[in-house]
Amino acid sequence: AQTVTQSQPEMSVQEAETVTLSCTYDTSESDYYLFWYKQPPSRQMILVIRQEAYKQQNATENRFSVNFQKAAKSFSLKISDSQLGDAAMYFCGSGTYKYIFGTGTRLKVLA
Amino acid sequence: NAGVTQTPKFRILKIGQSMTLQCAQDMNHNYMYWYRQDPGMGLKLIYYSVGAGITDKGEVPNGYNVSRSTTEDFPLRLELAAPSQTSVYFCASSTQGFMAEAFFGQGTRLTVV
Numbered sequence: 001a002q003t004v005t006q007s008q009p010e011m012s013v014q015e016a017e018t019v020t021l022s023c024t025y026d027t028s029e030s031d032y033y034l035f036w037y038k039q040p041p042s043r044q045m046i047l048v049i050r051q052e053a054y055k056q057q058n059a060t061e062n063r064f065s066v067n068f069q070k071a072a073k074s075f076s077l078k079i080s081d082s083q084l085g086d087a088a089m090y091f092c093g094s095g096t097y098k099y100i101f102g103t104g105t106r107l108k109v110l111a
Numbered sequence: 001n002a003g004v005t006q007t008p009k010f011r012i013l014k015i016g017q018s019m020t021l022q023c024a025q026d027m028n029h030n031y032m033y034w035y036r037q038d039p040g041m042g043l044k045l046i047y048y049s050v051g052a053g054i055t056d057k058g059e060v061p062n063g064y065n066v067s068r069s070t071t072e073d074f075p076l077r078l079e080l081a082a083p084s085q086t087s088v089y090f091c092a093s094s095t096q097g098f099m100a101e102a103f104f105g106q107g108t109r110l111t112v113v
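In the order they appear, the protein sequences are chains H and Y. Here the first sequence stands for residues 1 to 111, where the numbers follow the working numbering. Here the second sequence stands for residues 1 to 113, where the numbers follow the working numbering.
Keep in mind the hints are simulated off the structure, nothing from the lab. Just so you know, even glycine gets a beta-carbon here, dropped at the ideal spot from N, CA and C. Heads up, some of the hints might be wrong.
[Stated by the list, open to error] Below, simulated DSBU-like cross-link-like pairs (lysine-lysine); rule was C-alpha separation at most 30 Å, straight line:
hint, chain 1, residue 1, chain 2, residue 2
1, H, K70, H, K108
2, H, K55, H, K73
3, H, K98, Y, K44
4, H, K55, Y, K57
5, H, K73, Y, K9
6, H, K70, Y, K57
7, H, K55, H, K78
8, H, K73, Y, K57
9, H, K108, Y, K44
10, H, K98, H, K70
11, H, K78, H, K98
12, Y, K9, H, K108
[Unchecked claim] Far from chain Y, some chain H residues (derived; all Cβ distances over 10 Å):
hint, residue
13, S12
14, K78
15, L110
[Claimed, not checked] Chain Y is faced by these chain H residues, among others (derived, beta-carbon under 8 Å):
hint, residue
16, M11
17, K55
18, Y99
19, F101
My request is simple: use the sequences and hints to build the entire structure.
Here it is in structure tokens:
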């Protein structure tokens, strides 16, 4: 069975600092995709970053990067130079055709 | 450029009533998904479809039905609404599952009383 676990219900970071959100997953698939979505108070789901499991190189999108450890089934998100606009719920997910999400981490950015 | 459109945005149902949540996309995406989001529980996959005429169950399909007669539309039917179905429902679509970016609708907040 597919599972995605986010063990940090809430995290806080000072503006301009760096924060890492944790995610572990389990799957029996040999090839799959991992992703992080952001959900601000508007409820809109916004793709932050996506990683293909067969690619060893960690994905990066501007201030957002991942640390993908395939053997450990870990997929953490690092946000550098945090901004007030980064405050949101962050959901980790995985799958091939059927995609499931973790329970989310609420990120607070302190001015 | 409408993207994924969900209607209605809000709805209150009485226990035992039925309703259909509408989802339409204008991007010619083959893959479509329905999720529900309960407070503190993340998003749970209800049903998904990889193309017109093809649907499959997700993590929490009980109490729901779907159909996919066209590429554009993927309605979610609730029969005999129960308080446990109070949630925010999201529809999403993409060209190749989540191999390509999935686009989400704005959500439908449903309350069953």
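Verification of the hints:
Proximity of K70 (chain H) to K108 (chain H) is assessed by CA-CA distance (about 28 Å); at most 30 Å being required, the pair is judged to hold. Between K55 (chain H) and K73 (chain H) the alpha-carbon distance is near 14 Å, which keeps this suggested pair within the 30 Å criterion. Using a Cα cut-off of 30 Å, the hinted pair K98 (chain H) and K44 (chain Y) holds, with the two alpha carbons roughly 11 Å apart. Pair hint K55 (chain H) plus K57 (chain Y) holds up; C-alpha atoms about 29 Å apart against a cutoff of 30 Å.
Using a Cα cut-off of 30 Å, the hinted pair K73 (chain H) and K9 (chain Y) is violated, with the two alpha carbons roughly 37 Å apart. Our distance criterion of 30 Å between C-alpha atoms is met by K70 (chain H) and K57 (chain Y), whose separation comes to about 27 Å. Between the alpha carbons of K55 (chain H) and K78 (chain H) the distance comes to roughly 18 Å, so the proposed pair stays at or under 30 Å and holds. Between K73 (chain H) and K57 (chain Y) the alpha-carbon distance is near 25 Å, which keeps this suggested pair within the 30 Å criterion.
Of the pairs offered as hints, the one joining K108 (chain H) and K44 (chain Y) holds, with about 24 Å between alpha carbons and a cut-off of 30 Å not exceeded. Among the hinted pairs, K98 (chain H) with K70 (chain H) is consistent with the structure: their alpha-carbon atoms are about 19 Å apart, no more than 30 Å. Between K78 (chain H) and K98 (chain H) the CA atoms are separated by roughly 25 Å; this keeps the pair inside 30 Å, and the hint holds. With a CA separation close to 27 Å, the supplied pair K9 (chain Y) and K108 (chain H) stays within the 30 Å bound.
Even its closest Cβ contact with chain Y, about 18 Å, leaves S12 (chain H) beyond 10 Å, as expected for a residue assigned away from the interface. Taking the minimum C-beta to C-beta distance to chain Y, about 20 Å, the non-interface status of K78 (chain H) holds against the 10 Å cut. Its beta-carbon lying about 22 Å from the closest one in chain Y, L110 (chain H) satisfies the requirement of being farther than 10 Å from that chain. A hinted interface residue such as M11 (chain H) counts as satisfied when its beta carbon comes closer than 8 Å to some beta carbon of chain Y; here the least separation is about 15 Å, so the hint is violated.
Evaluation of the K55 (chain H) hint against chain Y yields a violated restraint, the C-beta minimum of about 12 Å exceeding 8 Å. Taken as an interface hint, Y99 (chain H) checks out: its beta carbon lies about 5 Å from the nearest beta carbon of chain Y, inside 8 Å. The beta carbon of F101 (chain H) comes within 4 Å of a beta carbon in chain Y, closer than 8 Å, and the hint placing it at the interface holds.
Of the hints listed earlier, those the structure fails to meet are numbers 5, 16 and 17, in rising order.
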